[in-house]
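K.L.:
Spelled out from the first residue to the last, the chains are:
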Amino acid sequence: MLTVNEETCVGCGWCQTFCPQDALHAWGYLEIDYEKCDECLVCIEFCPTDSLSMTNS
Amino acid sequence: MKKKQEKCDVAVLGSGIGGLCSAALLANKGYETIVVEKLPIVGGRCATLKYKGYKIPTGVLGVPMVGSFKSIFDEVGAEFDVTPMTTPPKYLVGNEIIDTPESDQPDAILSRLCSDEKEIAILKRGINKARTWSPPSNEMSLQDFIYQYTRNENLAEYYNNMSDRILSTRAHEVSAKEYFQSFSGSLKDFQRVGFAPEGSIALMKALKKAIEAKGGKVITQCRAKKILVKNEIAEGVVVEGKKGETTILANNIVSNAGPKKTVALAGKEYFERGYLRELRNMVPSLQIWVTSISDRPLFDVPILYTYKTRRLVSFVCVSHVCPELAPKGKYIHYSISSPVSQIAPWNLKNEVNMHIQDLKDHLPGYNKYGEVLHVGCYWGEWPTLANAPIVGYNDIPQKTPIENLYNVGDGVAKKGGWAGGSPGCALTAKIVVDDIENRFKPGQSL
Ligand SMILES: Cc1cc2nc3c(=O)[nH]c(=O)nc-3n(C[C@H](O)[C@H](O)[C@H](O)COP(=O)(O)OP(=O)(O)OC[C@H]3O[C@@H](n4cnc5c(N)ncnc54)[C@H](O)[C@@H]3O)c2cc1C
Ligand code: SF4
Ligand code: SF4
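The listed protein sequences derive, respectively, from chains A and B. Mapping the first sequence onto the numbering used here, position 18 (from 1) lands on 18, and the numbers just tick up by one. Position in the second sequence counted from 1, then plus 57, gives you the numbering used here.
Hints are computed from structural coordinates only; laboratory data are not their basis. Note that beta-carbon positions come from the ideal geometry of N, C-alpha and C, so glycine has one too. Some hints here could point you the wrong way.
If you want a taste of the chain A side facing chain B, the calculated C-beta under 7 Å gives, among others [what the hints assert, rightly or not]:
1. Gln-21
2. Ala-23
3. Ala-26
4. Trp-27
5. Leu-41
6. Glu-45
Simulated pairs of lysine to any residue, SDA-like, Cα-Cα distance not exceeding 25 Å [said to hold, decoys possible]:
7. B:Lys-64 x B:Glu-494
8. B:Lys-299 x A:Met-54
9. B:Lys-299 x A:Asp-50
10. B:Lys-282 x A:Asp-50
11. B:Lys-107 x B:Glu-89
12. B:Lys-406 x A:Ile-32
13. B:Lys-317 x A:Phe-46
14. B:Lys-406 x A:Asn-56
15. B:Lys-107 x A:Pro-20
16. B:Lys-107 x B:Lys-456
17. B:Lys-456 x B:Asn-195
18. B:Lys-299 x A:Thr-3
19. B:Lys-245 x B:Lys-175
20. B:Lys-471 x B:Lys-107
21. B:Lys-107 x A:Asn-56
22. B:Lys-109 x A:Asp-38
23. B:Lys-109 x A:Asp-22
24. B:Lys-107 x A:Glu-31
25. B:Lys-283 x A:Ile-44
26. B:Lys-300 x A:Trp-27
27. B:Lys-127 x B:Lys-64
28. B:Lys-318 x A:Asp-38
29. B:Lys-299 x A:Met-1
30. B:Lys-107 x A:Val-42
31. B:Lys-318 x A:Cys-40
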């Protein structure tokens with residue numbers, strides 16, 4: 001499951017623009033739409049603050 | 058298994074403006090240079106995000122067309138694809154648009170904001186003295202400086218917006234000295250300004266190309282993990298890329314990761330406490346970038362400065378200058394806001410909402426035709442300016458306490474008018490490259 005570290009995420013919205021599934025939405029904080037996310041890992045590579053990770057659920 | 062090892066003259070950590078400007082200058086002078094960048098794209102806060110056919114800046118939007126940044130492109134022979142902006146800005150005061158004559162804009166706007174010519178004359182005399190004789194103290198805010206001459210609310214608001222636009226810090230917090238010195242520093246470079254039609258990332262890609270043409274390397278998705286230090290001298294860096302870990306041995310290390318990350322990479326034990334305290338005192342600033350789209354331009358000139366709003370500072374109808382940034386027949390706009398204070402706590406969600414409410418309330422036609430495409434907040438570890446020039450602030454030197462280890466970028470921007478942005482970051486690169494050149498020859502053995 002994609003997890004955002006709320007302590008370090010600044011809400012820059014970079015990840016939103018790279019997600020092929022349109023599953024992310026930044027508005028000062030990040031919202032993840034788990035219905036749409038297919039765990040492709042793309043957004044993790046592009047986060048400038050290393051705030052995204054995939055955890056086992 | 059034997060660990061991979063490489064050697065070069067200079068290893069550059071990070072491909073922001075500071076990193077790529079340093080590397081391009083060094084490679085051009087014959088230094089064997091390797092740049093490592095942790096992200097898949099170059100440019101950092103001078104890059105471009107492509108989203109639904111539109112191009113969104115990650116920082117640099119207005120590109121200075123003269124001065125320190127531009128001169129690096131000339132020196133290394135990198136393409137500088139920037140379209141100049143020639144139309145003067147307009148001013149929105151509350152809901153009234155103020156259109157000033159083309160020449161002498163600041164003067165014209167002051168007279169429109171205050172009808173008492175005598176009061177303006179007194180203020181102008183004070184400002185003239187600060188700019189041409191001696192700047193006020195670093196311990197005084199711009200607001201306190203202005204209050205010496207006028208209590209006119211409109212005039213105070215003008216300077217509030219100005220200081221926010223150029224230093225992302227409001228007048229009551231910004232160092233009056235730094236504000237006035239920026240007129241002979243980075244603002245001189247912005248006298249001619251433009252926008253990159255392919256996005257600012259094109260400029261960073263051009264620097265990358267210039268580095269590679271001179272035999273240098275720029276490796277993306279390659280993260281610096283540890284700066285190697287021996288006897289208080291930097292001697293290399295451990296990086297992790299797609300092919301695993303490599304040790305790069307280098308005469309000099311130039312870090313563009315920001316001074317705090319540089320400490321973490323090398324190890325805190327090498328830095329004296331006074332230096333660490335200075336780093337802790339840095340205040341990174343917040344600005345919020347909202348990208349709006351529409352089927353028609355939401356304003357008739359490229360730049361609108363907005364006064365007497367909740368948070369909004371400026372609105373850029375960039376399609377007037379660079380239609381290439383939006384799909385055919387569509388228009389793209391960027392707007393910028395900052396909190397009332399860079400020091401006091403703020404609620405980011407509220408800050409974003411106030412920005413958008415300002416767009417709806419103050420921009421004619423926004424409600425009907427405008428649509429928010431993207432919201433980007435830059436602060437903390439990924440800020441607008443890494444060391445905002447708040448009253449009493451100090452700059453951080455480019456040289457670190459570890460020999461042969463330098464920082465570049467806006468975290469070490471020079472006091473005295475160069476607080477950040479592309480001119481300030483380019484200047485840090487020039488300072489560092491000059492120093493390396495004085496101390497090492499290309500290919501000099503370790
Ligand atoms: C919203 C906003 C608007 C702005 N508008 C303008 C403008 O109009 N004009 C202007 O001139 N300036 C503007 N600025 C300021 C300008 O963007 C910055 O001052 C400048 O881009 C900072 O460059 P830098 O050299 O500090 O590097 P950065 O952009 O901070 O780049 C550092 C790079 O280092 C990489 N890195 C970090 N850690 C590592 C590691 N361990 N290993 C490898 N790589 C690493 C990062 O991924 C990044 O790519 C704006 C900034 C913002 C945020
Ligand atoms: S890219 Fe990273 S910091 Fe930016 S909004 Fe996404 S998770 Fe947050
Ligand atoms: S993992 Fe892939 S699908 Fe999921 S949010 Fe990130 S980019 Fe989108």
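K.L.:
Give a verdict on every hint.
P.N.:
Each hint, compared with the structure:
The closest approach between the C-beta of Gln-21 of chain A and any C-beta of chain B is roughly 14 Å, which is over the 7 Å cut-off, so the hint fails. Of the supplied interface hints, the one on Ala-23 of chain A is violated, with its beta-carbon coming no nearer than about 14 Å to a beta-carbon of chain B, more than 7 Å. The beta carbon of Ala-26 of chain A comes within 6 Å of a beta carbon in chain B, closer than 7 Å, and the hint placing it at the interface holds. Evaluation of the Trp-27 of chain A hint against chain B yields a held restraint, the C-beta minimum of about 5 Å falling below 7 Å.
About 12 Å separates the beta-carbon of Leu-41 of chain A from the nearest beta-carbon of chain B, more than 7 Å, and the hint is not met. Evaluation of the Glu-45 of chain A hint against chain B yields a held restraint, the C-beta minimum of about 6 Å falling below 7 Å. Of the pairs offered as hints, the one joining Lys-64 of chain B and Glu-494 of chain B holds, with about 18 Å between alpha carbons and a cut-off of 25 Å not exceeded. Our distance criterion of 25 Å between C-alpha atoms is met by Lys-299 of chain B and Met-54 of chain A, whose separation comes to about 18 Å.
Under the criterion of a C-alpha separation no larger than 25 Å, the hint pairing Lys-299 of chain B with Asp-50 of chain A is consistent with the structure, at around 17 Å. Between Lys-282 of chain B and Asp-50 of chain A, the direct Cα distance comes to roughly 13 Å. Compliance with the 25 Å bound is thereby established for this hinted pair. For the hint linking Lys-107 of chain B to Glu-89 of chain B, the alpha-carbon distance of about 33 Å lies beyond 25 Å, and the restraint is violated. Proposed proximity of Lys-406 of chain B and Ile-32 of chain A is supported: the alpha carbons are some 16 Å apart, at most 25 Å.
Between Lys-317 of chain B and Phe-46 of chain A the alpha-carbon distance is near 21 Å, which keeps this suggested pair within the 25 Å criterion. At roughly 29 Å between alpha-carbon atoms, Lys-406 of chain B and Asn-56 of chain A are farther apart than 25 Å, so this suggested pair is violated. Restraint check: the Cα-Cα separation between Lys-107 of chain B and Pro-20 of chain A comes to about 12 Å, which is no more than 25 Å; the hinted pair holds. Restraint check: the Cα-Cα separation between Lys-107 of chain B and Lys-456 of chain B comes to about 36 Å, which exceeds 25 Å; the hinted pair is violated.
The suggested pairing of Lys-456 of chain B with Asn-195 of chain B holds, with an alpha-carbon distance near 23 Å, which does not exceed 25 Å. For the given pair, Lys-299 of chain B sits about 23 Å from Thr-3 of chain A by alpha-carbon distance, which is consistent with the 25 Å threshold. The suggested pairing of Lys-245 of chain B with Lys-175 of chain B is violated, with an alpha-carbon distance near 29 Å, which exceeds 25 Å. Among the hinted pairs, Lys-471 of chain B with Lys-107 of chain B is inconsistent with the structure: their alpha-carbon atoms are about 32 Å apart, more than 25 Å.
Of the supplied pair hints, the one linking Lys-107 of chain B and Asn-56 of chain A is violated, its CA atoms being roughly 30 Å apart against a limit of 25 Å. The hinted pair formed by Lys-109 of chain B and Asp-38 of chain A meets the criterion: a straight-line CA distance of about 19 Å does not exceed 25 Å. For the given pair, Lys-109 of chain B sits about 10 Å from Asp-22 of chain A by alpha-carbon distance, which is consistent with the 25 Å threshold. Taking the CA atoms of Lys-107 of chain B and Glu-31 of chain A, the gap is near 20 Å; set against the 25 Å cutoff, the hint holds.
Simply put, Lys-283 of chain B and Ile-44 of chain A have alpha-carbon atoms about 21 Å apart, close enough for the 25 Å limit, and the pair holds. The straight-line distance between the Cα atoms of Lys-300 of chain B and Trp-27 of chain A is roughly 36 Å, outside the 25 Å bound, and the hint therefore fails. Among the hinted pairs, Lys-127 of chain B with Lys-64 of chain B is inconsistent with the structure: their alpha-carbon atoms are about 30 Å apart, more than 25 Å. For the given pair, Lys-318 of chain B sits about 32 Å from Asp-38 of chain A by alpha-carbon distance, which is inconsistent with the 25 Å threshold.
Between Lys-299 of chain B and Met-1 of chain A the alpha-carbon distance is near 23 Å, which keeps this suggested pair within the 25 Å criterion. Only pairs whose Cα atoms come within 25 Å are accepted, and Lys-107 of chain B paired with Val-42 of chain A is accepted, the gap being roughly 15 Å. Between Lys-318 of chain B and Cys-40 of chain A the CA atoms are separated by roughly 28 Å; this puts the pair beyond 25 Å, and the hint is violated.
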